[in-house]
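K.L.:
Could you slot chain B onto chain A? The hints should help.
Protein sequence lines correspond, in order, to chains A and B.
Just so you know, we're using my numbering here: the first sequence kicks off at 1 and counts up by one.
Just so you know, we're using my numbering here: the second sequence kicks off at 415 and counts up by one.
Bear in mind the hints are in silico, worked out from the structure with no lab data behind them.
A few chain B residues that face chain A, going by a derived Cβ cut-off under 8 Å, partial list only: (1) E425; (2) D433; (3) T454; (4) A465; (5) F469; (6) E608; (7) K714; (8) P759.
Think about it this way: if two alpha-carbon atoms lie no more than 27 Å apart in a straight line, the pair counts; the simulated BS3-like pairs of lysine-lysine are: (9) B:K799 - B:K779; (10) B:K558 - B:K492; (11) B:K581 - A:K390; (12) B:K473 - A:K79; (13) B:K473 - A:K59.
Even glycine gets a Cβ: it sits at the ideal position worked out from N, Cα and C.
Number of protein chains: 2
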Amino acid sequence: MEVHIITVGDEILIGQIVDTNSAWMGQELNKHGIRISGITSVGDELEDMIAALRFAFQKASVVLMTGGLGPTKDDVTKKAVAAFYNVGFTFSQETYDRILEMFQKWGRPITEAHRLQCFMPENATLLVNKMGTAPGMWFDEQGKVLVSMPGVPYEMKYLMEYEVIPKLIQRFPTQSILHRTIHTIGEGESRIAERISEFEDSLPPHIKLAYLPNLGRVRLRLTGKGNDPTLLEQELDEKVQALLPLIQDLVFGFGDTNIETEIGNLLKNKGLTLATAESCTGGYMAHLITSISGSSAYFKGSVVAYANEIKMQQLGVQATTLAQHGAVSEATVIEMVQGLLERFPADVGISVSGIAGPTGGTPDKPVGTIWMAVASRHGDYRTQKLQLGKDRLRNIEYTAIQAFNFIRQFIAQF
Amino acid sequence: MEVHIITVGDEILIGQIVDTNSAWMGQELNKHGIRISGITSVGDELEDMIAALRFAFQKASVVLMTGGLGPTKDDVTKKAVAAFYNVGFTFSQETYDRILEMFQKWGRPITEAHRLQCFMPENATLLVNKMGTAPGMWFDEQGKVLVSMPGVPYEMKYLMEYEVIPKLIQRFPTQSILHRTIHTIGEGESRIAERISEFEDSLPPHIKLAYLPNLGRVRLRLTGKGNDPTLLEQELDEKVQALLPLIQDLVFGFGDTNIETEIGNLLKNKGLTLATAESCTGGYMAHLITSISGSSAYFKGSVVAYANEIKMQQLGVQATTLAQHGAVSEATVIEMVQGLLERFPADVGISVSGIAGPTGGTPDKPVGTIWMAVASRHGDYRTQKLQLGKDRLRNIEYTAIQAFNFIRQFIAQF
Numbered sequence: 001m002e003v004h005i006i007t008v009g010d011e012i013l014i015g016q017i018v019d020t021n022s023a024w025m026g027q028e029l030n031k032h033g034i035r036i037s038g039i040t041s042v043g044d045e046l047e048d049m050i051a052a053l054r055f056a057f058q059k060a061s062v063v064l065m066t067g068g069l070g071p072t073k074d075d076v077t078k079k080a081v082a083a084f085y086n087v088g089f090t091f092s093q094e095t096y097d098r099i100l101e102m103f104q105k106w107g108r109p110i111t112e113a114h115r116l117q118c119f120m121p122e123n124a125t126l127l128v129n130k131m132g133t134a135p136g137m138w139f140d141e142q143g144k145v146l147v148s149m150p151g152v153p154y155e156m157k158y159l160m161e162y163e164v165i166p167k168l169i170q171r172f173p174t175q176s177i178l179h180r181t182i183h184t185i186g187e188g189e190s191r192i193a194e195r196i197s198e199f200e201d202s203l204p205p206h207i208k209l210a211y212l213p214n215l216g217r218v219r220l221r222l223t224g225k226g227n228d229p230t231l232l233e234q235e236l237d238e239k240v241q242a243l244l245p246l247i248q249d250l251v252f253g254f255g256d257t258n259i260e261t262e263i264g265n266l267l268k269n270k271g272l273t274l275a276t277a278e279s280c281t282g283g284y285m286a287h288l289i290t291s292i293s294g295s296s297a298y299f300k301g302s303v304v305a306y307a308n309e310i311k312m313q314q315l316g317v318q319a320t321t322l323a324q325h326g327a328v329s330e331a332t333v334i335e336m337v338q339g340l341l342e343r344f345p346a347d348v349g350i351s352v353s354g355i356a357g358p359t360g361g362t363p364d365k366p367v368g369t370i371w372m373a374v375a376s377r378h379g380d381y382r383t384q385k386l387q388l389g390k391d392r393l394r395n396i397e398y399t400a401i402q403a404f405n406f407i408r409q410f411i412a413q414f
Numbered sequence: 415m416e417v418h419i420i421t422v423g424d425e426i427l428i429g430q431i432v433d434t435n436s437a438w439m440g441q442e443l444n445k446h447g448i449r450i451s452g453i454t455s456v457g458d459e460l461e462d463m464i465a466a467l468r469f470a471f472q473k474a475s476v477v478l479m480t481g482g483l484g485p486t487k488d489d490v491t492k493k494a495v496a497a498f499y500n501v502g503f504t505f506s507q508e509t510y511d512r513i514l515e516m517f518q519k520w521g522r523p524i525t526e527a528h529r530l531q532c533f534m535p536e537n538a539t540l541l542v543n544k545m546g547t548a549p550g551m552w553f554d555e556q557g558k559v560l561v562s563m564p565g566v567p568y569e570m571k572y573l574m575e576y577e578v579i580p581k582l583i584q585r586f587p588t589q590s591i592l593h594r595t596i597h598t599i600g601e602g603e604s605r606i607a608e609r610i611s612e613f614e615d616s617l618p619p620h621i622k623l624a625y626l627p628n629l630g631r632v633r634l635r636l637t638g639k640g641n642d643p644t645l646l647e648q649e650l651d652e653k654v655q656a657l658l659p660l661i662q663d664l665v666f667g668f669g670d671t672n673i674e675t676e677i678g679n680l681l682k683n684k685g686l687t688l689a690t691a692e693s694c695t696g697g698y699m700a701h702l703i704t705s706i707s708g709s710s711a712y713f714k715g716s717v718v719a720y721a722n723e724i725k726m727q728q729l730g731v732q733a734t735t736l737a738q739h740g741a742v743s744e745a746t747v748i749e750m751v752q753g754l755l756e757r758f759p760a761d762v763g764i765s766v767s768g769i770a771g772p773t774g775g776t777p778d779k780p781v782g783t784i785w786m787a788v789a790s791r792h793g794d795y796r797t798q799k800l801q802l803g804k805d806r807l808r809n810i811e812y813t814a815i816q817a818f819n820f821i822r823q824f825i826a827q828f
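Isolated chain A (complex conformation) (with noise of 0.2 Å):
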């Protein structure tokens, strides 16, 4: 079985959303092993829509659309598949049934367009979505099979597990794809292919490799496709095993995981607590490490000291040192992490200060100028100096990527 994933929206198109959605699918067929060959997101218009069906079935034997089913009326999905097939509608009782019934739970009326909501092309089988109005729909024609989804990610996401995902693996059978994902920070992809060159050669037909860089990490991906998925983890594990001793200082992580989740285990595991003091990264830094569910184990809070007045007053940076350094400099960030420290009962403390940009910069302290410290509440610490671009948001997110990776380093000694 292959895949193809069609988004529908103008929004898409026009850069308005980031089409999420299909990374998401993406990820879930991936874990059970189904292929996707491709994903093509349209506007709101019937023939292209009915033209990228066309594209998607050309080598996929499953698509699954999402988006244009919703209660207004710029939603034409449903009249695309129709016509793609060649139906007419049919009205749904039961899904007119479930939506009066959700709308007096919510005390409101009913409104039309959620009755033409309830017009289904006839060949459709409909999908309970548990978490809106608009149900799935299932068509099996030809050997192929079409689902529609809506595309407010939450819906889409139920359907996926409690539907569309159980339906597909019984009605196709499977050849096993897996993966080995290993993840490295400092050094870029050319470096890490010249030292691993040798190794790569030596991968079989049916093992790739890919490298996928993204702003000072970059992943190794291993996939092998297979008939017998025991064999082929075996194989797989081994060429992990061959592959490590070459890039062991470059390992942050393995798998579906990221930086922030690899500190917190890192810290979890060696009982130890977390703070930090944040000018320039503005509280991304502690928003990122509490998006992991179970940081409060070991992340105390933090102070965003975005004014200086902040600096002096909640973290007792001296007016002399912000005078004499600035803001932006070495002697700051030692005595922001100190007074962190001082301040919140954490083990470890981490301190950012810099000049995000895009605008800001003088000539000794361009835009991009970032210092960091990282200390331990027995005194010890270090200091890190970046000199990064001018683009604010990636500088903000490389700080804070660095940071981690500079507490993973400082934290490796206890």
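P.N.:
Just chain B now, kept in the frame of chain A:
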């Protein structure tokens, strides 16, 4: 001219990265009135890329491809393009010299992979990429244009801005497509559709209305097409003026904006400053605010009081309050915001405490219970309770958005 975007990479199909490139490209092209008819993502497979090129050129006169141009071995875009045009390769000495110069500047030796990167399809016109080693490639055959760019976002953005868009505008005359976007918060898509249904029915065929819901907000986008941009501007402005009175209470902004930007503008215009005290949002509010360039003019900072001891020590919440009412309570958020404004020299403060989930709920305070308080220096305050679902990241994001709306409503009185 209609553009189709093709993004290349297995990592997109399996959801290891979200395809933000095409969203950004869609935004930029749209600003120049260039219509995007579709986006297709394919893996690193020769025949899939060629099939995607054929599909894209069915309708589009321009295809923009990103990805698959790096120096590592998984990149096959150039081969696919050469096969599509049925041409061979030629060595670009100019590109080699440029890469050599970059590596000499960095003090690093050039690699064999970089030399191989300099072989280009014979019919390519090269576009200089000042941000990386792989140049862009421009093909102009049979009245249709194909552009291939690296997938690294800042390299692609550089090429789009300085090379591709200027050349496209020169190469093709364009019809005008103009948008008006109105941002609302406080009502769902269907309710708004009911309120404005007469307005919507009165729209002429060349002006379309779309509803773009996202976590408590709904954007309304009017799109007009026409040959006379001045007339079209005027028509759209008239439609906006007719629409506004119907939804005035819900509107918080226009055009390319978001609620954190509008909160910033409101604060600036009223000469007010803000600080935040965050528990369950974990710094996300501070991050959104400081992601706006110039936010230091109105944002003082934040206390991320993730642990209860930080709520007491850094915000002065009473131990008895926590014991009697719990950390997630009206009493606690009131003390948090009052403690914040005693310590931070801000005019307005907001505090948030809740159970983001997915675990940590109790029978009387289930996951998704959120309290917030907004207050001014003068002592007046308001509180609000939300009851949300179980998805941690959704709860964090939704809470931050609702808190911004709460601030917006609070400072409207000043």
